[in-house]
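Novice: Sequence:
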Amino acid sequence: MKRFLAPAIAALLIFAAGAIAGWSSRKAPADARAYAGMRLVAVQVALDEAPAAYDFLAGDSQTELQPGDQRPCGRPLVNGGVSGATSSAYADYLATLRFPVRPSAASLTIGTNDLLLKNRPRGVDAASRFEASAERIVRGLQGVTDRVVVTALPPVGREIAAFVDAGAVGDYSDRLKALCGRLGCTFTDPFADLRDGATGYAKPGALRDGLHLAKFRPALQALAPALCGG
20 MKRFLAPAIA
30 ALLIFAAGAI
40 AGWSSRKAPA
50 DARAYAGMRL
60 VAVQVALDEA
70 PAAYDFLAGD
80 SQTELQPGDQ
90 RPCGRPLVNG
100 GVSGATSSAY
110 ADYLATLRFP
120 VRPSAASLTI
130 GTNDLLLKNR
140 PRGVDAASRF
150 EASAERIVRG
160 LQGVTDRVVV
170 TALPPVGREI
180 AAFVDAGAVG
190 DYSDRLKALC
200 GRLGCTFTDP
210 FADLRDGATG
220 YAKPGALRDG
230 LHLAKFRPAL
240 QALAPALCGG
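Each number in our numbering comes from the position in the sequence shown (counting from 1) with 19 added on.
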């Protein structure tokens with residue numbers, strides 16, 4: 020069973036990253052555009068009907084898959100995650116959203132879909148594009164809330180090592196940390212307990228499929244101190 024798992028997850032990662040990234044440029048397959056469009060509608064409905072106090076979760080599938088019944092700061096969540104989103108795609112996506120009610124705080128988890136080996140993520144051009152897109156997202160969030168928390172990238176599984184650059188997990192996380200130092204957002208690592216040292220890989224059992232967390236609630240609990248503030 021496991022020998023079939025890595026190719027399947029890698030194919031999903033490659034499809035999602037490529038398809039969602041091409042959404043705004045009309046290069047994505049119709050089903051990917053349809054998914055992104057429907058996700059946009061769902062998030063906008065939640066924002067339009069948001070209560071006076073809530074927290075906004077931004078990012079890729081590690082965000083979208085968070086169970087919605089959690090209240091880490093005693094406030095409801097509006098989940099703005101988009102599975103498969105690259106940093107560039109999410110920056111475009113966020114720019115289309117309207118926030119009639121300002122969130123109390125916002126978090127961002129992004130970058131995993133930027134790690135495809137074929138894109139040479141640690142090359143100067145790719146890394147610069149990632150930083151620029153991440154800055155667009157952070158500035159966009161800072162325009163709608165006073166507290167923005169950016170997380171480190173989660174680790175990846177060794178079973179998808181042929182498709183993603185695990186070494187870029189730490190590199191991109193460091194870039195996000197530096198970005199927060201410059202822009203005034205808060206950087207945190209809610210995935211620290213899942214990491215196999217500084218390898219970029221996850222400890223055995225930390226992921227369900229080489230890509231997604233085995234358990235999502237503990238990650239949000241670990242994020243809570245930074246998200247909720249003092």
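Any given hint could turn out to be false.
In the DSSO-like style, the derived pairs of lysine-lysine whose C-alpha atoms are separated by at most 27 Å in a straight line are [what the hints assert, rightly or not]:
no. : residue 1 : residue 2
1   : K222      : K234
2   : K222      : K196
3   : K137      : K196
4   : K137      : K222
5   : K234      : K196
These are calculated hints, taken from the structure and not from any lab test.
Bear in mind that the values here come from a model prediction, so they are computed numbers and not experimental data.
Novice: Which of the numbered hints are not met once you compare them with the structure shown?
Specialist: Violated: none.
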